[in-house]
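In the UniProt record's numbering, the protein residues as written are 1 to 354.
The hints are simulated quantities; they were obtained by calculation from the structure and are not laboratory data.
Quick caveat: nothing in here was measured; it's all calculated off a predicted structure.
Any given hint could be a false lead.
[Stated by the list, open to error] What follows is a list of derived Cβ distance ranges for each label pair: (1) Ile35 / Phe210: 55 to 61 Å; (2) Tyr348 / Trp133: 45 to 51 Å; (3) Trp133 / Glu202: 21 to 27 Å.
Note that the Cβ used here is the ideal one computed from N, Cα and C, for glycine as well.
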Amino acid sequence: MFIDRLDRYIARNVLAAIVVVQFVLLGLDITIAYIDDLNDVQVGYSALDALFYLLMRTPWRFYQYAPVAVLIGALIGLGSMASSNELTVMRAAGRSLARIVWGVMKPVLVVVIVVLLVAEYVSPRTEQYAEAWRLEKLQGEGAMLTSRSGWQIEGDSVYRFGAIRADDVVLDLTRYRFDGRQLVEATYAQRARWEGDAWRLENVATTHIFDDHTESDQTASMGWETSFTPTQLERLLRDIESQAPSELWAYAQFLEAQGLQNDQALLYFWQKMLMPLTMGSLVLIAASFVFGPLRTVAAGTRVFYGVITGLSFKYIQDLLAPASTIFGFSPVWAVLVPTLACAGVGIYFLRRNG
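Start from the sequences, fold in the hints, and give me the full structure.
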């Protein structure tokens, strides 16, 4: 019972600190973003609409700041117990350092489960809805979900898609059809509309390319036979970082089947799926700060070093992401290398002081 109570006490202190840090980070981020978003206020999009838009994006921000919140929250929770000599009493009572760290890991497991559920089921939907809602407020009904164009290969054709609207209408579609390496046809459609189970192109201009001349024709409407669905095109044009892990895996497999690079999709997939290891390694770093070289410094100094460590961790991952494409190693290592490095450093300092 004594051990169980200590576990619950440690978990309660650490979890409370993580929640407070998360709310502070979210509050600061939303405040800064709100001030910036006020520049877009106009007729039809009020300051209250801007605030509502940012609140709808809160799940995505929660996911983004969770690792930093875990790191700083663990530092504050353990640091407060260290400052009041509670950790010293626990050690004197026979509590091992490993058991104390395990007590910190328990509330982090709860945070990990919540973060994974948010990443899979909540933030992708709220991000999509928030973006569509905001742009429809600014541009009117049927506004574009994204302005980012995308390229795709299917069979003997290469497609360029301009954007997809909230009502499953693709804008600025261009198709280049090849015979081997020879371009034989170029088709431009002002829009493609999804009609239940098939696409229909509108305002179509087609250029047929021959060895010695070209021929052009135009038509108001024609069918488009393709395996692309609105969901697939939405994944292509939507910000890849905000997609759910299951969507990222499906998208990576789709790109591989099309003979295209899928490194970026796999990178974000592994970042989300390896989130438990990431947070666990950051907890080890936080514990090593409290029990290791920073155990005698002020709480504010520990928090400062925690922020620097969290930012360094993120920047290393961001640098390794393009490196995995350039040097040809698996994207999973771009996630695992900084994670394992943090865990290794944390375990080293803990063993020195255990």
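* Take the C-beta atom of tyrosine 348 and the C-beta atom of tryptophan 133, compute their distance, and say whether it sits inside 45 to 51 Å. => For tyrosine 348 and tryptophan 133 the Cβ distance comes to about 49 Å; the hint holds.
* To do: Kindly confirm whether 21 to 27 Å is satisfied by the beta carbon distance between tryptophan 133 and glutamate 202.
  => 26 Å, holds
* Range hint 55 to 61 Å (beta carbons of isoleucine 35 and phenylalanine 210) holds or violated -> Given range 55 to 61 Å: holds, Cβ gap about 58 Å.
Every hint from the earlier list agrees with this structure, and none is contradicted.
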